[in-house]
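Quick note, the sequences are listed as chains A and B, same order.
The C-terminal position of the first sequence is numbered 268 in the working numbering, with every residue numbered one higher than the one before it.
The C-terminal position of the second sequence is numbered 508 in the working numbering, with every residue numbered one higher than the one before it.
Warning: the hint list may mix true and false statements.
Label-pair restraints from in silico Cβ distances [claimed, not checked]: (1) B:E189 with A:R231: 50 to 56 Å; (2) A:Q183 with B:T431: 29 to 35 Å; (3) B:R34 with A:D60: 53 to 59 Å; (4) B:D42 with A:T122: 28 to 34 Å.
In silico DMTMM-like pairs for lysine to aspartate or glutamate, Cα to Cα no more than 25 Å straight-line [to be verified]: (5) A:K22 with B:E74; (6) B:K312 with B:E74; (7) B:K429 with A:E257; (8) B:K90 with B:D66; (9) A:K22 with B:D406; (10) A:K22 with B:E396; (11) B:K480 with A:E225; (12) A:K117 with B:E331; (13) A:K252 with A:E218; (14) B:K497 with A:E225; (15) A:K126 with A:D66; (16) B:K90 with B:D205; (17) A:K22 with B:E99; (18) A:K255 with A:E96; (19) B:K429 with B:D406; (20) A:K30 with B:D496; (21) B:K312 with B:E237; (22) B:K491 with A:E57; (23) B:K439 with A:E125; (24) A:K117 with B:E78; (25) B:K480 with A:E81; (26) B:K433 with A:E257; (27) B:K63 with A:E191; (28) B:K439 with A:D60; (29) B:K304 with B:D130; (30) B:K55 with A:D92; (31) B:K497 with A:E191; (32) A:K117 with B:E271; (33) A:K117 with B:E396; (34) B:K491 with A:E96; (35) A:K117 with B:E74; (36) B:K433 with A:D152; (37) B:K460 with A:E175; (38) B:K491 with A:E218; (39) A:K255 with A:E191; (40) B:K497 with A:E96.
Hints listed in this document are in silico derivations from the structure and should not be mistaken for laboratory results.
Treat the numbers as computed from the prediction; the structure is a model and nothing was measured.
No residue lacks a Cβ here, since even glycine has one placed at the ideal position from N, Cα and C.
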Amino acid sequence: MTPVKCYPPRPEKVYFFGTCLIDLFYPEAGLDGIRLLEREGIDVLFPQDQTCCGQPAHTSGYHEEARAVAAAQLDLFPEPWPIIVPSGSCGGMMRTHYPKLFAGTALEKKANEISGRIYELTEFLVHVCHLRLEDRGQPEKVAMHTSCSARREMGLAETGPALLAQLGQVELVEQARAAECCGFGGTFAVRHPEISAAMVEDKTLAIEAAGAERFVTSDCGCMMNIGGRFAHQKKTVKGEHIASYLWRRTS
Amino acid sequence: MNAENQAFQPQPVQSYSPREFHRQAHDALGNPQIRGNFRKAMDGLMTKRRDSFEGWDLETLRELGANIRMRALAKLPDLLEQLETNCQANGIRVHWAEDGEEACRIIREICEAHDAKSVIKGKSMVSEEMHLNAHLEAAGIEALESDLGEYLVQLNEQTPSHIIMPAIHLNTDEISEILHEKTGTERTRDVDYMTAAARQQLRERFMAADVGVSGVNFAVAETGTLCLVENEGNGRMTTTVPPVHIAVTGIEKVVEHLRDVPPLYSLLTRSATGQHVTTYFNMINSPRKEGEYDGPKEVHLVLVDSGRSSIYQDNELLDTLRCIRCGACMNHCPVYTRVGGHAYGTTYPGPIGSILSPHMMGLEETRDLPTASSLCGACGEVCPVKIPIPDLLVRLRREAVGEGRGNVPGAGVKRTRKEAAAWKGFQWMATHPGVWRSGTAVVGKLKAMMPAKLGAWTEYRTAPKPAGRTLHALVKQHQADKPSVDTPDKEQR
């Protein structure tokens with residue numbers, strides 16, 4: 018399903034697509050992603066006209082609306098620089114669904130071209146930047162939750178853990194059924210709240226049982242869901258976007 | 016053992032409806048027995064599947080399986096004609112049914128022509144789909160399930176909760192209780208005892224049955240062969256002991272060549288139960304021939320459409336028909352694992368059921384099924400014939416809200432003016448960047464006024480709080496704070 022990606026050499030500049038969830042709820046995570054890229058000597062261009070990739074409408078069946086929103090993003094990246102997305106879910110939308118969304122329309126070619134330049138942040142840090150990290154933090158047990166889109170749609174089950182493994186003081190613990198969905202699924206959590214709740218409950222219990230003091234994820238949807246459940250249960254386990262975690266421990 | 020002489024009379028089945036998905040899911044979620052049974056069973060099945068593909072180039076095999084199925088579907092009308100010709104040449108009588116009702120009528124008429132009073136059944140989901148048992152019983156013909164799981168489900172007046180393992184929702188104690196209650200066996204946790212008792216009960220029924228009804232896993236067009244995959248031998252008994260055998264299947268089950276079967280069989284058994292091979296693999300070519308001592312005197316094949324040819328007309332939905340009914344999608348589905356099969360209220364539960372049932376029952380009836388998925392992709396990842404299940408779920412969501420091609424029954428049924436307007440509003444915001452920036456900035460400033468309760472979300476989780484400043488604003492600040500390092504040369508790019 019996931020085509021083999023040939024990674025380019027490290028570019029001079031990249032575009033950053035922050036995603037609407039980060040924009041509204043977790044802007045620091047976006048900024049930390051930008052900081053990580055800049056520290057590698059890359060200029061980060063942030064088109065101020067970016068809004069949302071269109072995924073919420075797409076997965077809800079509102080095809081026309083999704084296409085209109087997606088179309089509004091296509092003109093934001095005129096130069097051939099890679100487009101970095103700090104989310105597997107929005108990245109997956111732009112990489113795998115844009116071509117299908119615009120198939121047979123006047124924007125098909127452009128959508129295909131944009132799709133080929135989409136990189137999820139941890140993917141780009143590992144495969145293009147060949148990032149080397151020096152841990153300055155305290156010893157900590159951490160669980161990684163890789164989002165389903167990052168794992169299955171983008172084929173990126175390894176990049177997050179690979180970055181965390183570079184942090185000398187961090188013990189990466191694996192929760193039971195790590196590959197299982199946390200139950201977010203965008204509007205799924207709203208349309209089927211009880212099923213979603215059962216899923217996130219199991220996820221938080223598994224993370225806790227693994228002995229993690231913190232969970233790290235590359236998707237803010239999962240973070241909002243899992244972190245929200247931990248907070249609701251008044252648990253001490255905290256969630257953090259991997260960009261913030263890496264930046265905090267290495268700066 | 017005191018089970019031998021207990022004659023069990025089939026009862027009307029307990030029914031679930033897809034219209035009641037929310038209630039049925041709610042009930043299942045609150046039932047620790049159901050939750051535990053499914054979790055344990057699905058965990059085991061996932062592990063077995065993974066282990067059984069150990070050392071195989073699974074991706075290549077899945078690609079092959081998908082291609083075999085796609086080729087068969089591409090030639091479907093021709094292959095069906097070829098199948099009919101070759102079956103007839105082998106002495107198998109072929110019948111065509113446009114829907115389940117017609118298929119039921121055909122089967123009933125065959126039974127009546129033989130003055131049949133009792134039918135023994137091998138496992139067949141198509142027969143479940145068309146409610147064959149109820150139809151036959153209404154005509155005074157007793158239909159008894161002979162697959163152990165189906166037998167238990169029938170004893171318990173239920174429908175299957177899984178397409179491969181119909182009684183997967185029951186644990187040992189429950190099974191013991193059902194057998195005790197309905198057939199008088201002793202209460203026990205001894206699985207061998209219970210299996211032996213059921214075997215004994217069923218054996219007599221095989222001998223007495225007038226007609227055997229089975230499903231078909233693969234119907235081979237070039238040879239007119241009906242392949243039946245099973246583990247208990249009940250399939251072989253059903254198709255060889257009674258004087259008449261009726262095989263019933265959907266029109267999509269046809270494959271072109273005999274050589275197409277081994278790869279599909281390899282994928283099917285491993286994906287379904289993690290077995291390298293099943294205990295029985297039956298290839299039925301003809302009724303009993305001159306000079307042969309066993310086998311039915313008559314073999315019939317009933318090919319059922321039931322909405323399949325309408326799925327076939329759509330080049331995207333067509334992929335649904337690749338399915339070889341292994342059940343791996345449900346075994347790996349985090350939603351199915353939690354609510355179980357009955358909650359869906361359809362013959363085919365889980366992800367495949369959610370993309371198949373709307374065509375058979377209409378979107379009005381099945382409106383909640385395409386959304387009953389977090390689109391996590393686990394189903395598509397394990398599907399042995401690479402059906403893009405998540406994409407098809409999204410397609411059906413489009414159809415449900417009236418933004419698809421309008422060719423699924425009940426298209427547009429979920430469209431409400433309020434929801435459509437909300438998405439139009441979202442579109443307007445997200446296509447007007449200036450509005451978006453000021454709008455999102457305001458949300459951040461007003462965060463103190465944000466409700467702490469957000470409907471269902473906050474029953475189980477705390478509400479997310481908008482940040483004080485958006486990423487748009489933070490980046491502007493960040494860029495302003497940075498010493499300028501850009502050379503004019505760089506700027507020109």
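Violations among the numbered hints, reported as their numbers in ascending order: 1, 2, 4, 6, 7, 8, 14, 16, 17, 18, 25, 26, 28, 30, 31, 32, 36, 37 and 38
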